[in-house]
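Visitor: Sequence:
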Amino acid sequence: MNASVYLFLALCNLLQLGSWAIAATVYNVTSTVSLAPASSPRPEKPVHDADYHSFSIEFCYIVDYAGNDTHPNLFSRQVIQNLKDIAGKAPIFRVGGSTQNSAVYYPDQTEALIDPFDSIASSQPRHSYFGPAFLQSFRQFPAGSQYIFGLNFFNSENETLFDVGNGLAQCVLEAHAAYHAIGDALYGFEIGNEVDSWAGGQRRPANWTIQEYVDQWNEYASVVSKNLTQHDADQLFQGCAFEAPRHVTTATDWNVANAEADGMRVNKAKSVADHEYMGAACDYTGVGPTLATTIFDRTNVLSRVWYHDYLGNATAASGIPYVLGETNSISCQGARGISDVMAAAIWAVDYVLYLSSLRVERVHFHMGTRYPYSSWLPVTFNETAPTVFPIYYAALFNAHVFSGGNKQTEVLVNTTDFGAYAVYSLGKLESLVAVSLSVWNSTFTATKRPYTALELPETGWENAKVMRLTNPGVDVAANITLAGQSVNAQGDIVGTAVYHAPISPWTTSPSGLIAALMLPGPARMLMAVNLVQILIVMPSSDNISVSGVAVSIVAFQAIDRGSTPR
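Note that the sequence shown covers residues -23 to -1, 1 to 543 in mature numbering (1 follows the signal peptide of the UniProt record, and there is no 0).
Since the hints were made in silico from the structure, they are not lab data. Do not rely on the hints blindly, as some may be mistaken.
To be verified - DSS-like cross-link-like pairs, simulated, lysine-lysine; straight-line CA separation at most 25 angstroms:
#, residue 1, residue 2
1, Lys66, Lys203
2, Lys66, Lys425
3, Lys203, Lys247
4, Lys203, Lys61
5, Lys425, Lys22
6, Lys61, Lys405
7, Lys22, Lys247
8, Lys66, Lys22
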């Protein structure tokens, strides 16, 4: 059966937990985009695992996120379990950041963590003193979760900043405690966070070079390895953890390619990491970051991604995977109205899909209890109970995209406000994802909302499955549902899942959920702005079930087209 179908996404400004009302049946189509994916990806495209969308937790907040043996954080455990259930694998959690650089381990300390904040408005404590009980947090997440533990990169001798004396010995002490407490769940260690900014500060002299960094890093890695495994070289480390790279032209620039050239090798480095953000909520001049100039400006986003494309390719021959070890929307913990609304989820899907087309092994989204850009709030803070934030739904979406692993991504469309991708599983086309990044707020006039028509191949859509993730607009965070479901106060996905199959002929239902009309020519879909869609392509077999996979996401509505069972 050859289906030539228009799938019209119903325009709606009365969205409440899956309850829909059509605002109009006349669609303001302003553009048409043709998608023509190849049946298989190019052979050089990297293959990604199911944990591609992973996380980074600020060091001082891991106790909030995970809890301990007697009081595990059941909310965090559940929202992670949701992701594991969908993807088939738990995310990897990097525990580090700025506060790892001010953390000191005291083996006789009875408290898990002593971390004084200057005020309720402070996003980070002045220091983080942790004891053995702190390490209980690294066994509270669902089985299969792995951790990257951030070590403090003390000066090797006479470390006066923290009054620890021999800094190398202190680093080994921390690593030893973490290694034995975390066990097989340890992915590896990071030695220092964003050390490329240290020259001339309290931590290192002004003339400190990347070559000196690599020499010190190798010294620390060797001593730690010998202490833990009696071997000089073991793949126990994620190297670098540098700030967002912006200098790649000379041999003395701080970047992962030069670190590898200067002696960081695969015998010690399990991976190397850079960080990235789309703007900053501190140290800026003028009006500061806005939605339109940061995460919804694809020129801005892709200009930053370019460096990771370059460095991923530059380091590929080393055999050391290149990852984004810390990233999110706006640095300095996020910006209200950008990082904590639906726009962040739309951006995160586009961002992750684009990165997955490159030699970027994995992406870790940073979060902390007091951070606006967090995927979820783990404990009650400032009278707000634990809850997921909009960007968590991007993680749910991406868990579906990379479910089962062995995924490759090709970019189909790449414009200033629109991205479309083909995702392949085991070399076969599995899904199409389309993302529009034009601002549409909940306050705009619904009948004027522009639509983009997506022109799809003529056949292969008979077994499509449609899901919707809905929300009134990019400027708000409320009333989010996915296929009629939402995440409740316990972190569970609740509600009855609602799926639709766009099999021709299919007309508008009385409730106006969606409309589809038979038309001549190739199949087309109408996509409103701020819509992310995932279209899972079914094989042309009549006996394949469409149950339980693939989801679409973001903003008003999203649609999704069936998938192979797992």
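Visitor: Evaluate each hint against the coordinates.
Guide: We went through each hint and held it up to the structure:
Proximity of Lys66 to Lys203 is assessed by CA-CA distance (about 31 angstroms); at most 25 angstroms being required, the pair is judged violated. Between Lys66 and Lys425, the direct Cα distance comes to roughly 42 angstroms. Violation of the 25 angstroms bound is thereby established for this hinted pair. At roughly 16 angstroms between alpha-carbon atoms, Lys203 and Lys247 fall within 25 angstroms of each other, so this suggested pair holds. Of the supplied pair hints, the one linking Lys203 and Lys61 is violated, its CA atoms being roughly 34 angstroms apart against a limit of 25 angstroms.
A C-alpha spacing of about 40 angstroms is found between Lys425 and Lys22, which places the hinted pair above 25 angstroms, so the restraint is violated. Distance hint between Lys61 and Lys405 is fulfilled; the C-alpha atoms sit about 23 angstroms from each other, no more than 25 angstroms. About 21 angstroms separates the Cα atoms of Lys22 and Lys247, which keeps this hinted pair within 25 angstroms; it holds. Restraint check: the Cα-Cα separation between Lys66 and Lys22 comes to about 22 angstroms, which is no more than 25 angstroms; the hinted pair holds.
The structure is inconsistent with the numbered hints 1, 2, 4, 5, although it conforms to all the rest.
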